[in-house]
Amino acid sequence: MTDAPDAVVSAFEAERRRLLHRQWIHALLGVGITSVILGLSFHQSQFFDPEIGANPIGRILEFLARMAPHLRTEALLEGREVDGSLASWFYDLPGWLAALWETIEIAVVATVFGAVAAVFASFLCARNLMPWAPVRFLVRRLLEAIRTVPDLIMALILVAAFGAGATAGVITLTIATLGGLGKLFAEINEEVDPRQLEMLDAAGAGPVSKIRFGVLPQVLPNYASYILLRLEINVAAAGALGIVGAGGIGLELQRAITYTEFSTYLAILLLMVLVIFVIDMTSEAIRHNLLLRAEKS
Amino acid sequence: MMNQDATPLPSPLPGLALRGLLTLGGIAALIAMMVDLGISPVALAGGFTKLGVFLLAMFPPSDGGDLPRILKSLLETLAMALAGTTLAVLVAAPLGFLGARTVVGQPAFHFLFRRMLDFFRGVPVLVWALIFVAAFGLGPFGGVIALAVADIPSLSKLFAEAIENCDRGPVEGTRAAGGSRLHEIRFALAPQVAPILASQSLYYLESNFRNAAVLGIVGAGGIGFELEERIRIFAFDEVAFIVLLYMVAVALLDSLSRRLRSALA
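In the order they appear, the protein sequences are chains Z and Y. Read in order, the letters of the first sequence correspond to residues 1 to 297 in the working numbering. Read in order, the letters of the second sequence correspond to residues 1001 to 1265 in the working numbering.
Hints listed in this document are in silico derivations from the structure and should not be mistaken for laboratory results. Some hints here could point you the wrong way.
[Said to hold, decoys possible] Lysine-lysine pairs mimicking DSSO-like chemistry, simulated, CA-CA at most 30 Å apart:
id : chain 1 : residue 1 : chain 2 : residue 2
1  : Z       : K183      : Y       : K1050
2  : Y       : K1050     : Z       : K210
3  : Z       : K210      : Z       : K183
Could you build all of it, start to finish, from the sequences and the hints given here?
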């Protein structure tokens, strides 16, 4: 018994060494496998390509230089014809603003229709409102499928069907909104207080009255905040849709690239980012307000 | 009996009228926007008829005898997503430390830095890709840079928030033991932040796999290029095949990443 503590300590030390050893091997294996996969990925992405991957910093700097607008401080506020003025940089400001407005319209119309469709879809797949499991299953899978297909791929197909223009963009974003909001709304519906539904059941209400008086009053504030969030997403998404011909500011971006007017691209990008930023901030403020009011009541 | 001395209830009519007016105004604005966008019932009917034809042409899906090439471009898309996410994390992690109020205690800097991240957060990845492909030439390189650039603002913000929410105890402990600023980050902050960073990065990998699928539209390679090519020649059976294959790939990657994330938590 006298040397037992030593034996215990050395056994413990051996066990600890063994564990540490194993941890090391695991870590090394993990790092090895990950770096091989990453190495392959970067190789596939032309990062080690002598023509493209070489000197990437230099290329980025060169590209930034090409993107920088030609501005002269003494001519900054001159008219559009004067080289080096702000007006010559933003030479088609009214046209771009019109295109941006179109982008916003696409987002708003699509958000409204998508949200309405999502409300219907969400009632069809909420466990407490739709008694038939097969319907719930089908609607849920459909919404999932919509969420998986990237909206720009959908836009490509819809542009082929509806022709270039805003219509294809609106339909794309309507479908995407249905997919995104439908799932969120269904989750909100399932959290509804069941007592009010039971009361309406007891009073002999039909399914429509149940939704109108039992569900909607409880869920509308949450719906509103998700719809606003979706509007923010849709404005940004609509900005890209024009690149595939579905209307809005993206068309102007595409045109600037086609004519290699990189400084014009920067100008339009800045305008677009500004609009998205303002809409995000406004909508965020409204959403906070909604939340506060919902908490108070 | 009940309302003896109560003031009479206010009439609901003004409120109802106001609500009705607002609703009507909203509907009018919506219709005005639709007219402005040129959405006409005739165009809609024609478009949906065509769309129906396309959908019918999607069955049965077929690989067009080019399965190896499709699989290769699917792998390329995954490679782009991995490379883009890695780049984004490598840039966003230090930016996150810079943006955390608890690491850099300059309120003005913190405000400006966060606002700048917010400002660039909204730019869609395709908009970045368009310019980077123009700058770097056709191929995945520009697409990867675009994925990274699009992620960096929001990822940095998430990282900064994770760092701010860290428990201060270990930091103070390290300082009390005589550790330097770097020791604090290495031994007090990093062990707390690393699992959160890893799981957020996995989320971004999932979302980048979705984003990377559209980059081919502007010439950045991957599955998007194959899709665009086939939509252009109306080969919808092959489009359906690629989309289905892609959906399976997304589901696989999502479940793998979910498993990794729950192992991290």
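So, going through the hints one by one against the coordinates:
1. Z:K183 / Y:K1050: holds (29 Å)
2. Y:K1050 / Z:K210: violated (39 Å)
3. Z:K210 / Z:K183: holds (20 Å)
Hint 2 from the list above is the single one not met by this structure.
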